[in-house]
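So the sequence lines, in the order shown, correspond to chains A and Z.
Residue 167, in our numbering, is where the first sequence stops; the numbers in between run on with no holes.
Residue 256, in our numbering, is where the second sequence stops; the numbers in between run on with no holes.
Simulated from the structure, these hints should not be mistaken for laboratory data.
Heads up, none of these hints are tricks.
Short derived list, chain A residues pointing at chain Z, Cβ under 10 angstroms:
{"id": "1", "residue": "26"}
{"id": "2", "residue": "27"}
{"id": "3", "residue": "61"}
{"id": "4", "residue": "129"}
{"id": "5", "residue": "132"}
The calculated label-pair distances, taken between Cβ atoms and stated as ranges, are:
{"id": "6", "chain 1": "Z", "residue 1": "250", "chain 2": "A", "residue 2": "43", "range": "45 to 51 angstroms"}
{"id": "7", "chain 1": "A", "residue 1": "73", "chain 2": "Z", "residue 2": "74", "range": "49 to 55 angstroms"}
{"id": "8", "chain 1": "A", "residue 1": "101", "chain 2": "Z", "residue 2": "204", "range": "39 to 45 angstroms"}
{"id": "9", "chain 1": "Z", "residue 1": "240", "chain 2": "A", "residue 2": "82", "range": "54 to 60 angstroms"}
{"id": "10", "chain 1": "A", "residue 1": "166", "chain 2": "Z", "residue 2": "213", "range": "44 to 50 angstroms"}
{"id": "11", "chain 1": "Z", "residue 1": "200", "chain 2": "A", "residue 2": "31", "range": "19 to 25 angstroms"}
{"id": "12", "chain 1": "Z", "residue 1": "250", "chain 2": "A", "residue 2": "52", "range": "56 to 62 angstroms"}
{"id": "13", "chain 1": "Z", "residue 1": "145", "chain 2": "A", "residue 2": "139", "range": "55 to 61 angstroms"}
{"id": "14", "chain 1": "Z", "residue 1": "110", "chain 2": "A", "residue 2": "65", "range": "39 to 45 angstroms"}
{"id": "15", "chain 1": "A", "residue 1": "118", "chain 2": "Z", "residue 2": "199", "range": "14 to 20 angstroms"}
{"id": "16", "chain 1": "A", "residue 1": "48", "chain 2": "Z", "residue 2": "200", "range": "26 to 32 angstroms"}
By construction, the Cβ of each residue, glycine as well, lies at the ideal position given by its N, Cα and C atoms.
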Amino acid sequence: MIKSLSILVLSLCLTLNAQAANLKPFTANTPTPALKLTDLHGKTHDLHDYKGKIVLVQFWATYCGPCRKEMPSMNNMIKKMGNTPFKILAVDMGETEAEVKQFVKEVKPDFSILMDESGQSIGDWQVFAAPSNFIIDPQGNIRYTLFGGVEWDSDEIINKIKELAVN
Amino acid sequence: MNLRTLISFLVISVITTLTISNLALANEVRTIEAGDTEIDIRIFPASGNTLLLGFPCDEGKSIAEEKTAHSLSEDGIEVWMPDMLSGFMLPKVRSSLTGITTDALTALIDEATKTGKNVYLIASGPDTELVLRGASNWETLHKNTSLAGAVLMFPRLFKDTPVPGKKPEYKKIVGQTKLPILLLEGERTPNRWGINSLSHELQKNGSPVKSKIIPNVRGYFFKRQDANRSEDVVTSQMAGLIKVSLFYLQENNTHD
Numbered sequence: 001m002i003k004s005l006s007i008l009v010l011s012l013c014l015t016l017n018a019q020a021a022n023l024k025p026f027t028a029n030t031p032t033p034a035l036k037l038t039d040l041h042g043k044t045h046d047l048h049d050y051k052g053k054i055v056l057v058q059f060w061a062t063y064c065g066p067c068r069k070e071m072p073s074m075n076n077m078i079k080k081m082g083n084t085p086f087k088i089l090a091v092d093m094g095e096t097e098a099e100v101k102q103f104v105k106e107v108k109p110d111f112s113i114l115m116d117e118s119g120q121s122i123g124d125w126q127v128f129a130a131p132s133n134f135i136i137d138p139q140g141n142i143r144y145t146l147f148g149g150v151e152w153d154s155d156e157i158i159n160k161i162k163e164l165a166v167n
Numbered sequence: 001m002n003l004r005t006l007i008s009f010l011v012i013s014v015i016t017t018l019t020i021s022n023l024a025l026a027n028e029v030r031t032i033e034a035g036d037t038e039i040d041i042r043i044f045p046a047s048g049n050t051l052l053l054g055f056p057c058d059e060g061k062s063i064a065e066e067k068t069a070h071s072l073s074e075d076g077i078e079v080w081m082p083d084m085l086s087g088f089m090l091p092k093v094r095s096s097l098t099g100i101t102t103d104a105l106t107a108l109i110d111e112a113t114k115t116g117k118n119v120y121l122i123a124s125g126p127d128t129e130l131v132l133r134g135a136s137n138w139e140t141l142h143k144n145t146s147l148a149g150a151v152l153m154f155p156r157l158f159k160d161t162p163v164p165g166k167k168p169e170y171k172k173i174v175g176q177t178k179l180p181i182l183l184l185e186g187e188r189t190p191n192r193w194g195i196n197s198l199s200h201e202l203q204k205n206g207s208p209v210k211s212k213i214i215p216n217v218r219g220y221f222f223k224r225q226d227a228n229r230s231e232d233v234v235t236s237q238m239a240g241l242i243k244v245s246l247f248y249l250q251e252n253n254t255h256d
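Here chain A stands alone, though its shape is the one from the complex (with noise of 0.2 angstroms):
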């Protein structure tokens, strides 16, 4: 009876956590919209100068936690994903520079972050919660979405988005 629970509250925290990592096919027939924006060091990053590369687009703000949650996780999959070629490009939903510079200074990510501060590519890019994530291909073609804050080091979600790469 106790083994069967166990396995029973396993196998219900296993499904929990695939659920939580759940990257979700992108199935609208829309095309990727544009991304230029300046980022904390004053570089433009234009999403179409990408290209070649897997990109995670991500739309985040300082005061949502699971943001600041899970950075650090996103740190790390910049380094789980190798020599696959790959960029973080972590959008901050509308706030002000000093804000942002102050959250960077105590969170660290190693990723570009840019300012929007007139909201432009939010709308754009029909985002209305965050975090809300992007996984765009080589292609440039948005592959797949994902709301809410995860472990983006997890091997199941880092050996999803490295098939974009070879597919």
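Following the hints, position chain Z against chain A.
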């Protein structure tokens, strides 16, 4: 007196004090028959011709809201706060909203309109669904008269969690009323970016909709345990915020 007894005594004292102070704020508690149930309404009377009917799903425990209601009544705006959850013996969870019948909401609005005052509805978060449900049904039953408007604070009316890259789907009741609506949303919440989309949906049956962003606050700021300074300030000025909201709605009625 051991430590356990002392803690129990302190907890009971605090609860008693809070209960007494809450009861003291509402000048009257009226029980009305609403559909198949009876609902207690905390009434903060005022002599003005404006009545604000709120739908806090709070089991009668909204301290910030009650203080605001008291302040509004001092300024001539009558406030009614029905205890919807207790009326249906429902727990304070989001799924309880479906247990609150449209008949009961309509009966409450009916009761408010009997005063002859201009009736405005107000709710926050997911409870805003109740305002839309009640207003829509009331409008169906009263074709030749109308409510003055509704203030929806931090409306949470998505049908499901929005999928990145896709237009969000809203609850069926969104866009079913003609009521003039004012939306209030915090600046520090992702939902502020959905305010135009929601406004558009709400307008589908003819509702004039306006929206305002409250600077430097998160959603549900007046219910937060970790409120920051800006949120504390806005909470203390909530009566003023609501009066400005009613002003915007009145302006809309005047122009029509």
